[in-house]
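Going down the list, the sequences are from chains D and A. So the first sequence is residues 1 to 513, counted in our numbering. So the second sequence is residues 1001 to 1393, counted in our numbering.
Hint data in this document are derived by calculation from the structure and do not stem from the laboratory. Do not rely on the hints blindly, as some may be mistaken.
To be verified - Calculated pairs, DSS-like style, for lysine-lysine (alpha carbon to alpha carbon, straight line, at most 27 Å):
1) A:Lys1275 with D:Lys317
2) D:Lys375 with D:Lys332
3) A:Lys1204 with D:Lys412
4) A:Lys1204 with A:Lys1216
5) D:Lys163 with D:Lys130
6) A:Lys1386 with D:Lys130
7) D:Lys355 with A:Lys1280
8) A:Lys1280 with D:Lys375
9) D:Lys335 with D:Lys317
10) D:Lys412 with D:Lys335
11) D:Lys335 with A:Lys1200
12) D:Lys375 with A:Lys1275
13) A:Lys1386 with A:Lys1275
14) D:Lys402 with D:Lys412
15) D:Lys355 with A:Lys1275
16) D:Lys355 with D:Lys375
17) A:Lys1204 with D:Lys317
18) D:Lys282 with D:Lys317
19) A:Lys1280 with D:Lys332
20) D:Lys317 with D:Lys332
21) D:Lys375 with A:Lys1282
22) D:Lys317 with D:Lys355
23) A:Lys1282 with D:Lys335
24) D:Lys457 with D:Lys344
25) D:Lys412 with A:Lys1216
26) A:Lys1200 with D:Lys375
27) D:Lys375 with A:Lys1204
28) D:Lys344 with A:Lys1216
All values derive from a computational prediction rather than experimental measurement.
Spelled out from the first residue to the last, the chains are:
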Amino acid sequence: MNENILEMRSITKRFPGVVALQDVNLQVRRGEIHAVCGENGAGKSTLMKVLSGVHPAGTYEGEIHFESKQVSFSSLNDSEDLGIVIIHQELALVPHLSVAENIFLGNEKSHGGIINWHEVNLAAAALLEKVGLHENPVTPVGHLGVGKQQLVEIAKALSKDVKLLILDEPTAALNDDDSAHLLGLIRDLREEGVTCIIISHKLGEIAAVADSTTVIRDGSTVETIDMVEASNNGEDLTRRIIRDMVGRDMENMYPARDVTLGEEVFRIEDWHVSHPTQRDRKVVDGAELNVRAGEVVGIAGLMGAGRTELAMSVFGKSYGRDISGTVYMHGKPVKIESVSDAIKSGIAYVSEDRKRYGLNLIDDIRRNISSSALKRIAPRGWINENEEIAVAERYRGSMNIKAPTVMSVLGKLSGGNQQKVVLSKWLYTEPELLILDEPTRGIDVGAKYEIYSIINKLAASGKAIIVISSELPEVLGMCDRVYTLSSGRITGQLPVEDATQERLMELMTMEKD
Amino acid sequence: MTGTSNIIELLTRNMRQSGIYIAFVLIVLLFTVLTGGTLLSPGNITNLVLQYSYILILAIGMVMIIVAGHIDLSVGSVVALTGGVAAVVIIREGMPWWVGIIAALITGVLVGIWQGFWVAIVGIPAFIVTLAGMLIFRGLAMQVLDNVSLSPFPEEYRQIAGGFSNGLLGGPGYDLFTLVIFALASVGFAVQQWRARMRKLEYKQPVEALWLFAVKVILVVSVIMAFGWQLANSRGLPYVLVLLAALVLIYGFVTQRTVFGRHIYAMGGNLDAAKLSGVKTKRVNFLLFVNMGVLAAIAGIVYSARSNSAQPAAGNMFELDAIAAAFIGGAAVTGGVGKVQGAIIGGLIMAVMSNGMQIMGIDQSTQNVVRGVVLVLAVAYDVWSKKRASVSS
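Using the sequences and the accompanying hints, generate a full structural model.
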């Protein structure tokens, strides 16, 4: 038997006007963890769509061999029948259905069309045990966190006798703990003979878990690296992958900057927020923090620590209830009852979920950028559309938004460019404080560097900046000062010189006394 | 790029919006041929305007509601209620005609406040609130009218829907005043287009070549003048057309060029993002429904004036015509997309089809089937063009 479970040979996929994949080859050995890396838009997702039959046979050129047989899939069902299961970045679970129902959705255990719920729940419990998720199978999926939902997806894949499991950015939305658990699970699956393709931007993760790595750049394969061999040769794997991805050496992940601190811009005192539906649950408990002009302050915390909740409750009470505490701008207390109050006070909040909370994806760049500060282009109540275009063009230039025109629809841009549009939108409100919630989530290395550079430029121009991030290296690389948050409480505050990943993690996991 | 953009770019850039104009022209041509030219005759064009004006008025408010991501099923009942209130005030109570109009408009505002309260403040889906409204306001219309129809209205009231401004300047067999008004409208259009072009050049934006610009303006002006000529040769300029034109201009401006208008589109495109961008969504939703109530009242006045009576069953199914007009005119079922001009063209497509088929003597049942098929095809085109647009992502 061939030792390669999967061979994709000379795959070329064209869309009207673009060649998305050009002569791509991918060989995956049986029983290995194979990473696929590349910048956003490099063609990773297209390649996986070709493999899983989302782009049916005939719409691309080239051959796919699975378990030594040439295959051609005309739909997702065809590939699943052979044991190829893909788990997408955006989870495909139904929040109102239970864990067990989700696991067997489309694959119900029935006798003559009638479902035996007892059997389903038992089978689900067995699968949950396997993926290390200790939850009742009748719990609605919507009640679980993202990390646990990811595990439910894997349990669902396992229920289908998976031979080749494809994970698209599985840890993008997970904190370090959950990521570690997930990667451990993938290793366990490898022991059981499940081959795994993992698409990820987190290179440290890939270096830790992958047996081989294929790098794609601009729709073509750059190389496949045998990770074991390469690391035995003492190579810096992360560095090699980055070089392959961007086509050049990335000297430093984080651009250097000069820090000049000014007066205090923003401060909150005694900030309390309760959960919107469970009133007795405190999501933020007596938080105090401040930021000075020109300063980048990090908030580090695990998922569920209350980071986003803290930011959104400050930003015009957009989250939670029974909010109490005082916000000071430039030392004076301000009253912020709504989002428009917050904008008027000079606060901007860039959400961690840009698709849901940041952008109107069906509208164009121009109108997204102006949407929070329409008054600036409509001084007398009606909009000067020419001025609006000019503003958008200015940001397209200064932020390096890659799009043919400012009339391009947001939904068609890559994650990095969407993020630049969100940033432009908030910069146009002329804020004094920018709260950036996971500003580099789901965007590629090159675009990350650009975002970091933008943040540095903003700080240098005297803005106060709060960066919320679950990637500790990012916090350490970007910030001047770091607050740690655990269970809604600020558990520590360190200048970045004194902070290490270990020290931060210790504070982030500090229990309530 | 400060150069000029070519025709193909101009046509393809707004396929979804321009497709509707092309379809409209084709349908007009088709029915002109099928009716042997009767469709575009002076008398029939006048008739068309009078007969469908109230649907177009409703469509203006409906498209705004749909863009915001809602729907309004109650407007037909509101037409009956507001017309009924006007009739009771004027005919039964014997008050002056203008008091009746004010009473109808106030009724429309109250209806809007009621529905806006439930949709915007309480947060009940508009489908449910307006479905309930459909029952409530139909019921109230029956009660107000004691289940009988009231007629006739005084002459002044009837003038709203049936009046013409003709003979003011006299004329040799055609109404000169109508032509003067249309000529003014043409000049206004040309001047406005020219100023917009100059503004674009000032901001160094691409504009179409001068000859293309000229062709476009001449084409539109000739359509306007031809329309005016036909009206002048019939009964002159209907007041209701002036009302409709004013509404289209005002609402076109409000939706496209004001902060309020932008907020409607932002909410329909992504409600959560709109909230976090500082849009006061409750306020916008509330005002949208109040606005719809007022427009439904105007439609109610026009309709009762035209039929010279107020009936408890008036306006039945009007909501569906207005909704169909919005969707045929390119509004997206999911919200965020749609234009007032589009809805007007969509309404005119329905009007031309109904009117053409009536002239041809096709019975009501076949008419319904044809109109239903056109509605599905129009939305299918919309879905298809959206799919095509997103195929590369």
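Tested hints:
1. Of the pairs offered as hints, the one joining A:Lys1275 and D:Lys317 holds, with about 11 Å between alpha carbons and a cut-off of 27 Å not exceeded.
2. For a cut-off of 27 Å, the pair hint linking D:Lys375 to D:Lys332 stands: about 25 Å separates their Cα positions.
3. Between A:Lys1204 and D:Lys412 the alpha-carbon distance is near 26 Å, which keeps this suggested pair within the 27 Å criterion.
4. The hinted pair formed by A:Lys1204 and A:Lys1216 meets the criterion: a straight-line CA distance of about 21 Å does not exceed 27 Å.
5. Taken as a hint, the D:Lys163 and D:Lys130 pair is honoured in the structure, with Cα atoms around 16 Å apart against an allowance of 27 Å.
6. At roughly 42 Å between alpha-carbon atoms, A:Lys1386 and D:Lys130 are farther apart than 27 Å, so this suggested pair is violated.
7. For the suggested pair D:Lys355 and A:Lys1280, the alpha carbons sit about 20 Å apart, so the restraint of at most 27 Å is met.
8. A C-alpha spacing of about 14 Å is found between A:Lys1280 and D:Lys375, which places the hinted pair at or below 27 Å, so the restraint holds.
9. For the proposed pair D:Lys335 and D:Lys317, the alpha carbon gap of about 11 Å is at most 27 Å, so the pair holds.
10. Simply put, D:Lys412 and D:Lys335 have alpha-carbon atoms about 39 Å apart, too far for the 27 Å limit, and the pair is violated.
11. Between D:Lys335 and A:Lys1200, the direct Cα distance comes to roughly 41 Å. Violation of the 27 Å bound is thereby established for this hinted pair.
12. For the hint linking D:Lys375 to A:Lys1275, the alpha-carbon distance of about 16 Å falls within 27 Å, and the restraint holds.
13. For a cut-off of 27 Å, the pair hint linking A:Lys1386 to A:Lys1275 stands: about 26 Å separates their Cα positions.
14. A threshold of 27 Å between alpha carbons decides the hint, and for D:Lys402 with D:Lys412 the separation of about 11 Å falls inside it, so the pair holds.
15. In summary, the hint linking D:Lys355 to A:Lys1275 is supported, as the alpha carbons are separated by about 14 Å, within the 27 Å threshold.
16. For a cut-off of 27 Å, the pair hint linking D:Lys355 to D:Lys375 stands: about 24 Å separates their Cα positions.
17. Of the supplied pair hints, the one linking A:Lys1204 and D:Lys317 is violated, its CA atoms being roughly 42 Å apart against a limit of 27 Å.
18. As the CA atoms of D:Lys282 and D:Lys317 are separated by approximately 15 Å, the hinted pair is consistent with the 27 Å bound.
19. About 26 Å separates the Cα atoms of A:Lys1280 and D:Lys332, which keeps this hinted pair within 27 Å; it holds.
20. Annotation: proposed proximity of D:Lys317 to D:Lys332 holds, straight-line Cα distance about 19 Å (limit 27 Å).
21. At most 27 Å may separate the alpha-carbon atoms for a hinted pair to count; D:Lys375 and A:Lys1282 meet this at roughly 19 Å.
22. Among the hinted pairs, D:Lys317 with D:Lys355 is consistent with the structure: their alpha-carbon atoms are about 20 Å apart, no more than 27 Å.
23. Between A:Lys1282 and D:Lys335 the alpha-carbon distance is near 20 Å, which keeps this suggested pair within the 27 Å criterion.
24. Between D:Lys457 and D:Lys344 the alpha-carbon distance is near 23 Å, which keeps this suggested pair within the 27 Å criterion.
25. This hinted pair does not check out: D:Lys412 and A:Lys1216 have alpha carbons roughly 31 Å apart, beyond 27 Å.
26. Simply put, A:Lys1200 and D:Lys375 have alpha-carbon atoms about 20 Å apart, close enough for the 27 Å limit, and the pair holds.
27. Straight-line distance between C-alpha atoms of D:Lys375 and A:Lys1204 comes to about 23 Å, which keeps the hinted pair within the 27 Å bound.
28. With a C-alpha separation of about 44 Å, the suggested pair D:Lys344 and A:Lys1216 falls outside the 27 Å cut-off, and the hint is violated.
In terms of the numbered hints stated before, the structure departs from hints 6, 10, 11, 17, 25 and 28, listed from lowest to highest.
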